[in-house]
Amino acid sequence: MGDAEIIPIGTRGRPGRGTGKQPSSAARDLAAGRPAPRRPQSTTGPETGPGPAAGSRPEPVEESVQVQPVQPVEPGPAPAPRVPVTTEDRDPRGIPLSDWLAAFQHAAREVFGDEWEPQLARLLAFLRRRVTGDYAVDEYGFDQEITERFFMAALRPIAEKWFRIEVRGIENVPADGGALVVSNHSGTIPVDGLMTMVSIHDHTGRFLRPLGADLVFRMPVLSTLARKGGATLACNEDAERMLRGGELVGVWPEGFKGIGKPYSDRYKLQRFGRGGFVSAALRTGVPIVPLSVVGAEEIYPLVGNVTWLARLLGLPYVPVTPLFPWLGPLGLVPLPSKWLLEFGEPVRTDEYDEGAADDPMLVFNVTDQVRESIQQTLYTLLMQRQSVFR
Amino acid sequence: MTSGRVVLVTGVSRDLGRRFARSLAAEPSVRRVIGVDVVPPRGDLGDVSFVRADIRNPVIAKVIAKEDVDTVVHMSIISTPASAGGRGTMKELNVIGTMQLLAACQKAPSLQHLVVKSTTTVYGASNRDPAMFTEDMEPRRAPRSGYAKDVAEIEGYVRGFARRRSDVRVTQLRCANVIGPHVTSPITSYFRLPVIPTVVGYDPRLQFLHEDDLLAVLRHATVEDVPGTFNVAGDGILMLSQAVRRLRRPSLALPAPAVGSLGSVLRRARVADFSPEQLAFLTYGRGVDTTRMRTMLGYEPAYTTAEAFADFGRSLPATGGHADRVLAAVQDQLDRGAARPLPTLPASAAPTGGPDHG
Chain A
822 MGDAEIIPIG
832 TRGRPGRGTG
842 KQPSSAARDL
852 AAGRPAPRRP
862 QSTTGPETGP
872 GPAAGSRPEP
882 VEESVQVQPV
892 QPVEPGPAPA
902 PRVPVTTEDR
912 DPRGIPLSDW
922 LAAFQHAARE
932 VFGDEWEPQL
942 ARLLAFLRRR
952 VTGDYAVDEY
962 GFDQEITERF
972 FMAALRPIAE
982 KWFRIEVRGI
992 ENVPADGGAL
1002 VVSNHSGTIP
1012 VDGLMTMVSI
1022 HDHTGRFLRP
1032 LGADLVFRMP
1042 VLSTLARKGG
1052 ATLACNEDAE
1062 RMLRGGELVG
1072 VWPEGFKGIG
1082 KPYSDRYKLQ
1092 RFGRGGFVSA
1102 ALRTGVPIVP
1112 LSVVGAEEIY
1122 PLVGNVTWLA
1132 RLLGLPYVPV
1142 TPLFPWLGPL
1152 GLVPLPSKWL
1162 LEFGEPVRTD
1172 EYDEGAADDP
1182 MLVFNVTDQV
1192 RESIQQTLYT
1202 LLMQRQSVFR
Chain B
289 MTSGRVVLVT
299 GVSRDLGRRF
309 ARSLAAEPSV
319 RRVIGVDVVP
329 PRGDLGDVSF
339 VRADIRNPVI
349 AKVIAKEDVD
359 TVVHMSIIST
369 PASAGGRGTM
379 KELNVIGTMQ
389 LLAACQKAPS
399 LQHLVVKSTT
409 TVYGASNRDP
419 AMFTEDMEPR
429 RAPRSGYAKD
439 VAEIEGYVRG
449 FARRRSDVRV
459 TQLRCANVIG
469 PHVTSPITSY
479 FRLPVIPTVV
489 GYDPRLQFLH
499 EDDLLAVLRH
509 ATVEDVPGTF
519 NVAGDGILML
529 SQAVRRLRRP
539 SLALPAPAVG
549 SLGSVLRRAR
559 VADFSPEQLA
569 FLTYGRGVDT
579 TRMRTMLGYE
589 PAYTTAEAFA
599 DFGRSLPATG
609 GHADRVLAAV
619 QDQLDRGAAR
629 PLPTLPASAA
639 PTGGPDHG
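Residue numbers (the working numbering), protein chains in the order written: chain A, 822 to 1211; chain B, 289 to 646.
In case anyone wonders, no lab produced these hints; they're calculated from the structure.
Don't take each hint at face value.
Unchecked claim - Estimated spans, in silico, between C-beta atoms of each pair:
{"#": "1", "chain 1": "B", "residue 1": "GLY586", "chain 2": "A", "residue 2": "ALA946", "range": "38 to 44 Å"}
{"#": "2", "chain 1": "B", "residue 1": "ARG330", "chain 2": "A", "residue 2": "ARG1132", "range": "54 to 60 Å"}
{"#": "3", "chain 1": "B", "residue 1": "ALA430", "chain 2": "A", "residue 2": "GLY1066", "range": "27 to 33 Å"}
{"#": "4", "chain 1": "B", "residue 1": "VAL483", "chain 2": "A", "residue 2": "GLU966", "range": "22 to 28 Å"}
{"#": "5", "chain 1": "B", "residue 1": "GLY586", "chain 2": "A", "residue 2": "LEU1153", "range": "52 to 58 Å"}
{"#": "6", "chain 1": "A", "residue 1": "GLU992", "chain 2": "B", "residue 2": "VAL488", "range": "39 to 45 Å"}
{"#": "7", "chain 1": "B", "residue 1": "HIS610", "chain 2": "A", "residue 2": "PRO917", "range": "20 to 26 Å"}
{"#": "8", "chain 1": "B", "residue 1": "GLU426", "chain 2": "A", "residue 2": "LEU1151", "range": "45 to 51 Å"}
As the list claims (entries may be wrong) - Take a look, some chain A residues computed to stay more than 10 Å from chain B by CB distance:
{"#": "9", "residue": "PRO1011"}
{"#": "10", "residue": "THR1045"}
{"#": "11", "residue": "TYR1088"}
Computed from a predicted structure; not experimentally measured.
Backbone N, C-alpha and C define an ideal beta-carbon position, used for all residues, glycine too.
Using the sequences and the hints given, assemble the complete structure.
Structure follows, in structure tokens:
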């Protein structure tokens, strides 16, 4: 048993490579400027003698660094002139607090610049407000702080860098008071709504309050985000309430017919619902601002629809685009089309008399007028556009 | 002292009913307050005379006739099945009780005023709800069970009564969730849970009415002669996530069916009275418009929704709030750090660009 052959792996903590019987010449040169005396194998390191049994693992290299100095077991021909390896225990509390603080201040200065202290104080105050719920939402659940600091900040690079949105006619959006922005709808996923919200906020400082389908408010997560972002249900009660409250309200009257239309029907406006948005504007006497969005049609070209899955999930459609679902999550990246947003001349509704909203003929006429104006602008913008991506 | 109202208050065995009856007895325009309930009240009734009677049987008509009652305040609408002794009893107390009471009122020629404490639960809660319900809006989905259905039926009977006795002034107060340190209701027992289960992905909007405001508005509606139906709620909205954070309690987001089954387990264990229609409320939330309460009824709540909730939360110990404590500690450290000079940084680490770009 004892005479089993031990095949050492590695150098057993001794310097140099090779058989492990003796240090390499390079190591000897390094040791103390003169050749180290040859010693028997068993005198160095914590191992005494051959391993206890065949097949036992050689001691790990870390073993050689120990708190207590290693004593040679057998008196060798000459004791090693090495200074015993000792490690001092570090500060048991870890890195001292002052070091942490210095590093922290250093990092803060790197991130926030020289004004780091007030900046950081503001950030901390913001975080504390959020975790203690000490902020206000309006009656629709609109959380202005999180919308401005988080949603807008996240969407802005997409609007500016990815879609390179060009906004025209922003002076047609009233600086204050209620107004109804009516837009075409396209793009399979309502990215156009989000981009319109960012563009309007960045150019006028006002928040667009979108009206969403009841499907939005049935879906988990989405419903929460929609309410926090300022949306509410697309129904006459809410539209009128918001407009009376002097909000800038956005509607997409084509709804799912517009957003889920096949790519071959791009830039062809669908039916404008039942004109509910017009009667809301007539009742509250606010102007209707037509908005034409070019570019959103091309972000996810809808070439197919999985009807059975849509029916199963209770969704209006399950899109198939050239990239989705074939490329999986990568197919969710929108194509970087160039976007143009043009706000048209506002349609005034305060000149009609009292019962105008209940006159279906008038409502249809105004609806058509708005629809025509958006369609014409779309054609003009398409003519001006050099290509889809430029 | 022969002039003045004689008021009959139902549901005085419960805390809010008892306190309301007592505070009403202190009103100068009220001569006498008669409290009615099946069981005697636990607390002190003060000047209120208590009549032990069941509004579900015709004895109540005799009480109204004998005492020459001219005002009836109906507060005996129960939202907690456990306190009534089961859902069957609760429905009977609510619906049959109201029917009998109104039948008795119809036969009483002396009666001039009827005030009914209803609730905003009648509007239901769904994804198709408008943001703020006004009094003339109908629920988008008619309630099919539970408390909400009881109240919908009760309101139907009250409307029928108002048609038949057009000489009686009828006021219905649709109160938002009443909250306060002394209130026991499904919503307060929900918020008293040490870990608050929420429906994952939804953040409902909530409105509260402080218990003091409930008593005050009922008193106001009893004394003032304003007919109609009114929403009553504190100003403003709280999101559920916000409310939970303000309580400094941890929340646990669960899928809706899991919240529902957890609720029924808690109900059976008598830990919290978590009613099934509360699940819809905790998913979609509800808001009511209180313009009519201000302009027509002429009542202004003393507490906003947030203040009412803060007053309720004051009685609850925080079980969470660790994140805030950490942030507070950092802020504290920062303030103390600002007081003494900064440790000097090595030259290489100092910002090289300078502040001129910012």
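Going down the list of hints, with the structure as the test:
1. At about 40 Å, the beta-carbon gap between B:GLY586 and A:ALA946 stays in the expected band of 38 to 44 Å.
2. Range check, B:ARG330 to A:ARG1132: about 57 Å between beta-carbon atoms, so the 54 to 60 Å window is met.
3. A C-beta distance of roughly 29 Å is found between B:ALA430 and A:GLY1066, which places it inside the suggested range of 27 to 33 Å.
4. The beta-carbon spacing between B:VAL483 and A:GLU966, approximately 27 Å, falls within the hinted interval of 22 to 28 Å.
5. Between B:GLY586 and A:LEU1153 the CB atoms are about 55 Å apart, so this pair conforms to the stated range of 52 to 58 Å.
6. For A:GLU992 and B:VAL488, the hinted distance range of 39 to 45 Å is satisfied, since their beta carbons lie about 44 Å from each other.
7. At roughly 24 Å, the beta-carbon separation of B:HIS610 and A:PRO917 lies within the given 20 to 26 Å, and the hint holds.
8. Between B:GLU426 and A:LEU1151 the beta carbons are some 47 Å apart, a value that agrees with the proposed interval 45 to 51 Å.
9. A:PRO1011, annotated as away from the interface, keeps every beta carbon of chain B farther than 10 Å; the closest lies near 17 Å.
10. Residue-level check failed: A:THR1045 sits 4 Å from the nearest beta carbon of chain B, not beyond 10 Å.
11. In this structure A:TYR1088 is separated from chain B by more than 10 Å, as the shortest Cβ-Cβ distance comes to about 31 Å.
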